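Chains A and B, in that order, are what the protein sequence lines are. Counting along the first sequence from 1, when you hit position 61 you're at 61 in our numbering, and nothing is skipped either side. Counting along the second sequence from 1, when you hit position 140 you're at 1140 in our numbering, and nothing is skipped either side.
One thing to keep in mind: the hints can contain errors.
What the hints assert, rightly or not - Below 30 angstroms or equal to it, Euclidean Cα-Cα: the simulated DSBU-like pairs (lysine-lysine) are:
| # | chain 1 | residue 1 | chain 2 | residue 2 |
| --- | --- | --- | --- | --- |
| 1 | B | K1118 | A | K81 |
| 2 | B | K1163 | B | K1176 |
| 3 | B | K1028 | B | K1118 |
| 4 | A | K41 | B | K1118 |
| 5 | B | K1021 | B | K1176 |
| 6 | B | K1118 | A | K78 |
| 7 | B | K1028 | B | K1163 |
| 8 | A | K41 | B | K1163 |
| 9 | B | K1176 | B | K1092 |
| 10 | B | K1176 | A | K81 |
| 11 | B | K1163 | B | K1118 |
| 12 | A | K81 | B | K1092 |
| 13 | B | K1092 | B | K1021 |
| 14 | A | K78 | B | K1028 |
| 15 | A | K41 | B | K1092 |
| 16 | B | K1092 | A | K78 |
| 17 | B | K1176 | A | K78 |
| 18 | A | K81 | B | K1028 |
Simulated from the structure, these hints should not be mistaken for lab results. As the structure is a computational prediction, the values presented were derived from the model and not from experiment.
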Amino acid sequence: MSDSPLPSGDRHFPPVAWMTTGALALVVIGGIVMASYAPRKAPLGVAGGLLGLAVLLLLAVVVVFTRVRDFAWPTFAKVFKWALLAYVIEAGMIEFSFVRNHTSGTSLQIVTGMLVIFAVSVPTTIAFTAARFADS
Amino acid sequence: MADLLETPVGEHHGPAPQRAKIQIVPLKGLPFAAAALVLVTVAIATNWTWLLMFAHVAGGGLWTAIDLFVGLVIGPILGRLSIPARAEFSAKFMPAMVVIMPTLVTMNLGSGFQLARKLGNLSATSPNHAWVIASMIVVGIMATIALGILEPANIAVLFEMNKPVPNGERIGRLMKRFIYTAGITGVMQLATLVIMTRIATQ
């Protein structure tokens, strides 16, 4: 991947943070669609489509990561694992709220999928931002 | 966890001056964060209106106040400080924000959704329905900005400051990003204040 230094001395990286933030934005929109219909049944096609797009964005991030050279993976891993722990707890609380409100079936599956994207995308954004400036 | 929480600086690289360690995640704050999350969990599990309202108002009030204060008061002041003063303030201030803000947001949103459902505000026939959806949209935009831009910039600044020789230009650029996004979410909190007071008085 392109890694020529910028005038500031920072290397150029693929837009990983924008992609993960895009995935987050998609599941936030999906979450609003789902929540706005509660307690009625939300249009699952819209929410499922947004979730699918978010999954594709995260998969694209994985592909991008396989092509990045000279990246501070130890810093990325260190930040990612603790951020992941924090956001899994947060996602678990939101999931608990939906389960407590009798969300079930396909709706719950879509909500769970969205929360998985949330719990993975935010730590990826944080860890990537910290690692891109770290010494590889 | 100590590796992430406390990174020693300036100990192994020749000419770099000795600087204090920056605790990226302040351990002292974690029990308070855990207690707040337990409180919200209990509120949701018991569906106790008062406790839900307490968690929602306390979390939301503090979130709004801190966002407004940081975005509109601290941010502009920070921008006018000298680089060393800014660095010293940030080294103390930003780790606290790492713990405080996600905790307040979780308290507010977790209890808020449950409360809206319990009070019937989510129902399409409720006069508050449109306002609740509007608040979700505002919060969604704020959350995306905060989680996608503001918080990563916050953490990256702390990692940069813990380097033996921090890059001042890079810290300045990341701090600018932090201050601008805090300002944007601060202004958006004004919309939240309007929406929430409308819901409370309909």
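Taking the hints in turn, this is what the structure says about them:
no.	hint	in the structure
1	B:K1118 to A:K81	violated, 35 angstroms
2	B:K1163 to B:K1176	holds, 19 angstroms
3	B:K1028 to B:K1118	violated, 35 angstroms
4	A:K41 to B:K1118	holds, 17 angstroms
5	B:K1021 to B:K1176	holds, 23 angstroms
6	B:K1118 to A:K78	violated, 40 angstroms
7	B:K1028 to B:K1163	holds, 23 angstroms
8	A:K41 to B:K1163	violated, 51 angstroms
9	B:K1176 to B:K1092	holds, 17 angstroms
10	B:K1176 to A:K81	holds, 27 angstroms
11	B:K1163 to B:K1118	violated, 49 angstroms
12	A:K81 to B:K1092	holds, 24 angstroms
13	B:K1092 to B:K1021	holds, 10 angstroms
14	A:K78 to B:K1028	holds, 20 angstroms
15	A:K41 to B:K1092	violated, 47 angstroms
16	B:K1092 to A:K78	holds, 22 angstroms
17	B:K1176 to A:K78	holds, 25 angstroms
18	A:K81 to B:K1028	holds, 20 angstroms
Hint check: violations occur at hints 1, 3, 6, 8, 11, 15; the rest are consistent with the structure.
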